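Participant: If you're matching them up, the sequences are chains C and R in order. Counting from 1 along the first sequence, just add 443 to a position and that's the residue number in the numbering used here. Counting from 1 along the second sequence, just add 8 to a position and that's the residue number in the numbering used here.
Be a bit skeptical, because a hint or two may be false.
Subject to a maximum C-alpha distance of 20 Å in a straight line, what follows is the list of computed PhoX-like cross-link-like pairs (lysine-lysine) [stated by the list, open to error]:
| # | chain 1 | residue 1 | chain 2 | residue 2 |
| --- | --- | --- | --- | --- |
| 1 | R | K249 | R | K270 |
| 2 | R | K92 | R | K270 |
| 3 | C | K476 | R | K270 |
| 4 | R | K92 | R | K65 |
| 5 | R | K302 | R | K92 |
| 6 | R | K249 | C | K476 |
| 7 | C | K536 | R | K407 |
| 8 | R | K155 | R | K270 |
| 9 | C | K452 | C | K476 |
| 10 | C | K452 | R | K366 |
| 11 | R | K92 | R | K26 |
| 12 | R | K65 | R | K77 |
None of these hints come from the bench; they were simulated from the model. Bear in mind that the values here come from a model prediction, so they are computed numbers and not experimental data.
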Amino acid sequence: MSIDREMVKRLGILSRLRIPEENMDEMVGELTKILGWVDQLKDVNTDDVLPMNSVVEDMNLRERDDVVTDGDIRDEILANAPESMDGYFLVPKVVE
Amino acid sequence: MTDLVELTIAEALDGLAKKEFSAVELTQAHLKEMEKARELNAYVLETPEIALERAKKSDERRAAGKAGKMEGIPVGMKDLYCTKGVRTTACSHILDGFVPPYESTVSQKLEDEGSVMLGKTNMDEFAMGTANLTSYYGAVRNPYKDKTNPDKFLIPGGSSGGSAAAVAAGLCMAATGSDTGGSIRTPASFCGIVGCKPTYGRCSRWGMVAFASSLDQAGTMTRTVRDTAIMLEAMAGFDPKDSTSANVAVPNYEKALTGDVKGLRIGIPREYNPDKGLNADVRHVWEQTAEKLKAAGAEIVDISLPSTQYALPTYYLIAPAEASSNLARYDGVKYGLRVDGNSLDEMYTNTRTEGFGKEVKRRIMIGTCILLEGYYETCYLKAQKVRRLLCHEFAEAYKKVDVILAPAAPETAFGKDDDSTSDPLKMQLYDVFTVPSSLAGLPAVCVPAGTSEVNGLPIGLQVIGNSFQEETILRVAGTIEAMSDMPIRPLRVGGK
């Protein structure tokens with residue numbers, strides 16, 4: 444799969460980023476260059492090697508008591524919202 | 009009276025204990041220095057009222073016999089640590105006006121140990137950068153000068169560039185940094201200070217603005233190795249609020265600074281000495297330091313880490329993939345910038361398009377791309393497999409050696425307007441020596457080891473240890489510091 448303008452458009456939609464028409468070719472070039480550069484990894488033999496998500500993979504996720512730990516600070520959290528109303532985050536209308 | 013901003017933490021703690029000066033006086037001296045050196049753009053937010061209030065309380069605590077490990081020490085806080093009631097933006101436009109309702113664990117621990125926050129330091133946007141050129145608040149100037157061209161605007165390295173410049177110039181006694189692929193060690197090398205990235209899991213990530221969670225690690229930036237030991241001890245420790253925090257006891261790091269390296273096996277990885285891409289002065293300082301360590305009784309061992317060349321491409325797949333996922337949370341709803349639109353989706357897109365800078369967008373696009381079906385296996389999973397191989401090679405190496413000695417950066421600090429700064433691929437090459445140990449989660453400390461004969465700029469070397477061997481790397485770094493002729497006093501760009 445090569446990178447073309449269609450692909451950049453698709454990535455823009457998935458990332459919720461608008462790529463202006465005049466920057467399209469630049470972005471195609473950048474992504475092509477990066478993917479070409481990382482392609483050298485295929486020279487590494489990774490047969491029978493498992494992917495590593497984290498260097499602390501031998502650590503067990505800890506359990507905690509099943510209690511509410513939200514801090515009870517609704518208003519403090521909402522204080523950072525660009526818009527809020529009646530204790531809720533406010534967003535543009537989503538249901539017609 | 010001694011010039012307060014020129015003291016090390018160890019000296020200041022001593023002076024405070026002997027009542028030679030107060031925490032308030034110490035803080036005032038630093039606030040004044042910050043004012044004089046604003047041209048560096050090291051701080052994006054100064055918090056003098058908070059600082060003076062905390063300093064006053066610190067003096068009261070000390071008088072009551074309740075002094076902490078960093079009691080009264082003025083520190084700079086990298087702008088990616090959430091600080092309760094104090095604006096935190098990770099130097100991104102998209103976090104405009106975000107005032108966290110909570111405090112990060114690391115900054116809380118530092119406050120609990122008595123340190124006094126002077127302000128928030130400049131950084132690359134979301135810690136994505138090597139030169140501190142991607143900050144929404146503008147570039148930071150390195151307080152050092154190129155002796156062949158003193159007017160040249162030198163970058164401090166990144167992403168913790170504001171912290172590094174502030175420490176080097178005496179605008180704080182120490183600062184927090186964070187390191188994902190070299191963001192503490194590169195600026196430490198460029199600014200002639202000590203920068204330590206501890207083992208992944210050693211310091212809590214809770215309350216740090218996330219970049220690439222499997223790599224992000226909090227760390228210290230100070231002027232001496234002893235100060236690093238003091239600060240790291242105050243910052244480190246288990247935190248149930250971070251799922252990858254390690255439940256490992258924190259030792260007394262200062263006690264590890266014996267200066268004795270006799271019998272210690274120090275590995276020199278031959279892959280870190282490429283024919284091209286390593287500055288001759290850096291190579292010279294590295295070789296000279298190895299010789300001196302040998303003369304001090306250490307055993308120098310030639311080692312090989314054959315997959316080193318693959319570390320950079322591996323990092324530049326894993327980090328953007330994690331970043332694209334982490335940065336999905338910036339949507340104009342919960343905090344920060346919102347740019348309105350006719351629909352929810354349009355609002356998201358408008359906000360993110362305006363809020364993120366060029367480099368951050370670039371990495372989000374790369375990350376999104378390689379997580380797509382068709383790329384996921386060949387790029388993302390492949391990188392994760394190579395990451396395991398890299399870790400395995402380090403583990404094998406540590407059967408033969410106690411620490412690894414390597415350059416921290418391939419060059420000395422460069423100019424803001426140098427050609428390389430406009431090419432992302434070239435900029436990435438500056439991470440070549442720091443990224444492998446990041447991928448392996450190993451502790452590494454960058455310590456000033458010498459200066460370039462060509463331009464007079466500082467050169468740092470990296471001591472990389474096995475997991476949780478911070479004591480050993482600090483011991484070696486302390487020895488290197490004692491053997492080098494690097495000044496440990498701040499540069500006083502604002503004049504005395």
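Participant: Decide if the proposed pair is consistent with the structure: K65(R) and K77(R), CA atoms, cutoff 20 Å inclusive.
Facilitator: Roughly 15 Å separates the two Cα atoms, so the pair holds.
Participant: Is it true that the CA of K249(R) sits at most 20 Å from the CA of K476(C)?
Facilitator: Status violated; Cα separation ~39 Å.
Participant: Given the hinted pair K452(C) and K366(R), is their alpha-carbon gap at most 20 Å?
Facilitator: 16 Å, holds
Participant: Straight-line Cα separation of K92(R) and K270(R) no greater than 20 Å?
Facilitator: 46 Å, violated
Participant: Is K536(C) within 20 Å of K407(R), Cα to Cα?
Facilitator: 61 Å, violated
Participant: CA of K452(C) to CA of K476(C), is that 20 Å or under?
Facilitator: 17 Å, holds
Participant: With a cut-off of 20 Å on the C-alpha distance, tell me whether K92(R) and K26(R) pass.
Facilitator: 32 Å, violated
Participant: Checking one constraint from the list: CA of K92(R) to CA of K65(R), max 20 Å. Satisfied?
Facilitator: Holds. K92(R) to K65(R) sits at ~18 Å (cutoff 20 Å).
Participant: K476(C) and K270(R): Cα distance at most 20 Å?
Facilitator: Violated, at roughly 48 Å.
Participant: For the pair supplied as a hint, K249(R) and K270(R), confirm whether the alpha-carbon distance does not exceed 20 Å.
Facilitator: 40 Å, violated
Participant: K155(R) and K270(R) were given as a pair; does the straight-line alpha-carbon distance stay at or below 20 Å?
Facilitator: The given pair, whose Cα atoms are some 37 Å apart, is violated under the 20 Å limit.
Participant: Check whether the Cα positions of K302(R) and K92(R) lie no farther apart than 20 Å.
Facilitator: 48 Å, violated
Violation of the numbered hints given earlier is confined to hints 1, 2, 3, 5, 6, 7, 8, 11; the remaining hints are satisfied by the structure.
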